[in-house]
Amino acid sequence: MIVPYGHVLLLAGILFVLGLVCAVARRNLVMVLLGVEIMLNAAGIAFVGAALRWQQLEGQVFVLFIMTLAAAEVSVGLALIVRAYRRTGSIDQNTYDLL
Amino acid sequence: MNWGLFVPELYYLAVCGILLVLSMVTKPNPGRDLVTVLFFAALGVVVSLVSVRLEGTLFSAAYRVDLFSQVFKVLLAVGFLLIVSLCTELHGIDEGHHLEFYLLLTTCTVAMMLLVSSVELLTIYVALELSSYSLYLLVPLRRGHDAAVEAGIKYLLVGTSASAVMLFGFACLYGVIHTTQVAEIVRVLPGMLGQPVATIGLLLALCGFFFKLAVFPFHFWAPGVYQGAANQVTAFIATASKVAAIAILMRIVALSGGGDAYLVKVLVALSIASMTLGNLVAIRQKDMKRLLAYSTVAHAGYVLIGLLSFSPSGYASTIFYAFAYLVMKFTCFLVLVKVAADGSDLQIAQLAGLHRRSPLLAMALMVGVFGLAGIPPTVGFTGKFLLFTAAIEKGHLALVFIAMINVVISLYYYLLVVKAAYLLEPDEDRPRIRLSAPITLLLWVLVTVIVAAGVFPTYLLGVADAAARALLGV
Chain A
1 MIVPYGHVLL
11 LAGILFVLGL
21 VCAVARRNLV
31 MVLLGVEIML
41 NAAGIAFVGA
51 ALRWQQLEGQ
61 VFVLFIMTLA
71 AAEVSVGLAL
81 IVRAYRRTGS
91 IDQNTYDLL
Chain B
1 MNWGLFVPEL
11 YYLAVCGILL
21 VLSMVTKPNP
31 GRDLVTVLFF
41 AALGVVVSLV
51 SVRLEGTLFS
61 AAYRVDLFSQ
71 VFKVLLAVGF
81 LLIVSLCTEL
91 HGIDEGHHLE
101 FYLLLTTCTV
111 AMMLLVSSVE
121 LLTIYVALEL
131 SSYSLYLLVP
141 LRRGHDAAVE
151 AGIKYLLVGT
161 SASAVMLFGF
171 ACLYGVIHTT
181 QVAEIVRVLP
191 GMLGQPVATI
201 GLLLALCGFF
211 FKLAVFPFHF
221 WAPGVYQGAA
231 NQVTAFIATA
241 SKVAAIAILM
251 RIVALSGGGD
261 AYLVKVLVAL
271 SIASMTLGNL
281 VAIRQKDMKR
291 LLAYSTVAHA
301 GYVLIGLLSF
311 SPSGYASTIF
321 YAFAYLVMKF
331 TCFLVLVKVA
341 ADGSDLQIAQ
351 LAGLHRRSPL
361 LAMALMVGVF
371 GLAGIPPTVG
381 FTGKFLLFTA
391 AIEKGHLALV
401 FIAMINVVIS
411 LYYYLLVVKA
421 AYLLEPDEDR
431 PRIRLSAPIT
441 LLLWVLVTVI
451 VAAGVFPTYL
461 LGVADAAARA
471 LLGV
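Protein chains in written order, with this note's numbering: chain A, 1 to 99; chain B, 1 to 474.
Incorrect hints may appear among the rest.
[As the list claims (entries may be wrong)] Simulated crosslink set (SDA-like; lysine to any residue; CA at most 20 Å straight-line):
| no. | chain 1 | residue 1 | chain 2 | residue 2 |
| --- | --- | --- | --- | --- |
| 1 | B | Lys154 | A | Arg86 |
| 2 | B | Lys154 | A | Arg27 |
| 3 | B | Lys154 | A | Met31 |
| 4 | B | Lys419 | B | Pro359 |
| 5 | B | Lys154 | A | Ala72 |
| 6 | B | Lys154 | A | Val74 |
| 7 | B | Lys154 | A | Ala25 |
| 8 | B | Lys154 | A | Val21 |
| 9 | B | Lys154 | A | Cys22 |
| 10 | B | Lys154 | A | Asn28 |
| 11 | B | Lys154 | A | Ile45 |
| 12 | B | Lys212 | A | Val82 |
| 13 | B | Lys212 | A | Val24 |
| 14 | B | Lys154 | A | Val24 |
| 15 | B | Lys154 | A | His7 |
| 16 | B | Lys154 | A | Arg53 |
| 17 | B | Lys419 | B | Arg284 |
| 18 | B | Lys154 | A | Val82 |
| 19 | B | Lys154 | A | Leu20 |
| 20 | B | Lys154 | A | Arg83 |
| 21 | B | Lys154 | A | Ser90 |
| 22 | B | Lys154 | A | Ile81 |
| 23 | B | Lys154 | A | Gln93 |
| 24 | B | Lys154 | A | Ala71 |
Worth flagging that the hints you see were computed from the coordinates, not collected in a lab.
Go ahead and model the full structure; you've got the sequences and the hints to work with.
Shown next as structure tokens:
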């Protein structure tokens with residue numbers, strides 16, 4: 001293994017924190033969704049690194065499933081955001097304060 | 001591979017396919033759709049009852065079928081049937097979308113059936129996500145409510161963030177432990193907690209997981225979603241999906257082998273916090289669905305008491321309580337749906353004069369609420385009694401004492417509901433509520449079950465005990 005596992009994990013960790021900050025700090029709903037996507041991909045990188053470390057296929061399979069589910073998540077999320085935009089005319093989180 | 005083990009899931013998957021095709025090729029017809037789905041749901045209960053004795057593992061031991069999982073599949077099938085039977089007045093959902101509504105309910109049921117059999121990280125992840133995606137779509141389906149769209153978006157964003165956090169935790173655990181089998185992970189993990197990656201992984205995985213299950217302190221999204229969703233959807237989230245949550249928690253706790261002092265302490269703290277906070281916040285709720293949401297948080301605390309005794313009797317009483325919870329909660333929601341027949345949110349004050357508008361509904365509400373509060377001779381009393389006895393056998397006296405105090409606190413707001421239904425006079429005259437014959441029958445059956453299972457719990461306890469033994473493999 002050319003790249004040590006620790007470095008892969010560090011990269012994944014940095015990416016995860018970036019995504020988390022994006023999801024928590026941004027007010028735009030689309031950006032929040034993007035932040036979640038980045039978090040999912042960070043988890044994917046961590047899985048690939050672990051799969052390489054143990055020379056197993058489980059981690060790689062996990063990544064395939066994550067990609068599929070992330071695609072489903074985006075389609076569901078964007079559909080909801082479009083519906084909300086049609087009702088309220090805004091995709092700013094601050095306009096959603098009924099509950 | 002033996003596909004026979006997979007029968008209940010395959011059956012519900014086939015129903016999903018049929019409903020999907022129907023929703024695309026036929027014109028909306030609420031009456032016909034309801035009858036179709038009711039038929040499939042009733043047949044589903046039969047299918048899951050027939051397959052209750054199956055045993056074995058599938059997909060390279062990632063999926064375990066045993067009496068425990070099959071009993072919970074029966075409970076989920078019954079829950080699904082009950083929720084569908086609530087849909088005679090589905091005014092909260094646009095008439096053109098009824099089939100999509102049933103389709104999503106069915107996919108969610110399949111996902112929860114998968115969840116109760118999962119013993120591996122990947123199957124747990126896929127099953128959890130499938131059930132949550134169905135719910136993300138079910139919540140904003142409600143007609144003409146801005147609150148529903150808002151609740152849907154919040155639920156989606158909070159839920160997906162939580163699953164990303166959980167997934168990263170899984171990745172860390174896999175990176176240090178070399179396996180994705182839950183049994184192996186919980187066996188090896190205690191010795192590895194010195195490594196920062198393992199600790200971080202465990203914390204992240206648990207945070208995401210508790211988020212999904214709405215256990216304290218990650219429950220704050222639940223009341224908004226309960227209030228924003230249509231009444232039938234709320235009933236589904238509060239009954240069937242909580243039963244699945246109890247099952248998967250039990251599975252993981254049981255796989256850990258039990259008795260680790262650290263784990264017991266964490267569970268005790270979560271249990272106390274969950275029930276105390278749930279009960280205290282429930283007191284000041286005016287909306288009936290929000291009140292039931294917080295009572296769900298409190299019940300999560302009671303259920304944890306059964307889990308943390310790590311004994312067969314503890315697990316058996318938890319399974320018994322899951323059944324009791326399903327029936328009692330559903331009875332309350334049945335009354336709620338019938339009283340708010342136009343699909344609106346029900347305030348507790350609107351229950352005033354219910355005993356004159358419909359004596360049967362008022363009685364069912366009283367029995368259901370007394371069950372949740374744990375007043376004899378209901379099944380709720382028997383369930384709590386068993387949970388507390390199992391905990392006392394293991395010496396958790398202080399915990400049981402705090403739980404008793406909590407039961408008394410909860411009595412206050414449950415009695416407020418009964419008082420509204422029986423003693424308060426309505427400020428305006430509301431019409432009598434007409435109940436169809438099947439609903440009247442269903443109400444009588446539920447009331448009878450709540451009382452009868454409380455007085456004669458022997459048979460159900462036998463089933464629960466056998467399921468608990470299957471879970472522990474003894």
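Structure-based check of all given hints:
| no. | hint | in the structure |
| --- | --- | --- |
| 1 | Lys154(B) to Arg86(A) | holds (17 Å) |
| 2 | Lys154(B) to Arg27(A) | holds (13 Å) |
| 3 | Lys154(B) to Met31(A) | holds (14 Å) |
| 4 | Lys419(B) to Pro359(B) | holds (14 Å) |
| 5 | Lys154(B) to Ala72(A) | holds (17 Å) |
| 6 | Lys154(B) to Val74(A) | holds (15 Å) |
| 7 | Lys154(B) to Ala25(A) | holds (15 Å) |
| 8 | Lys154(B) to Val21(A) | holds (17 Å) |
| 9 | Lys154(B) to Cys22(A) | holds (16 Å) |
| 10 | Lys154(B) to Asn28(A) | holds (13 Å) |
| 11 | Lys154(B) to Ile45(A) | violated (27 Å) |
| 12 | Lys212(B) to Val82(A) | violated (25 Å) |
| 13 | Lys212(B) to Val24(A) | holds (18 Å) |
| 14 | Lys154(B) to Val24(A) | holds (12 Å) |
| 15 | Lys154(B) to His7(A) | violated (35 Å) |
| 16 | Lys154(B) to Arg53(A) | violated (37 Å) |
| 17 | Lys419(B) to Arg284(B) | holds (15 Å) |
| 18 | Lys154(B) to Val82(A) | holds (14 Å) |
| 19 | Lys154(B) to Leu20(A) | holds (16 Å) |
| 20 | Lys154(B) to Arg83(A) | holds (13 Å) |
| 21 | Lys154(B) to Ser90(A) | holds (15 Å) |
| 22 | Lys154(B) to Ile81(A) | holds (11 Å) |
| 23 | Lys154(B) to Gln93(A) | holds (9 Å) |
| 24 | Lys154(B) to Ala71(A) | holds (19 Å) |
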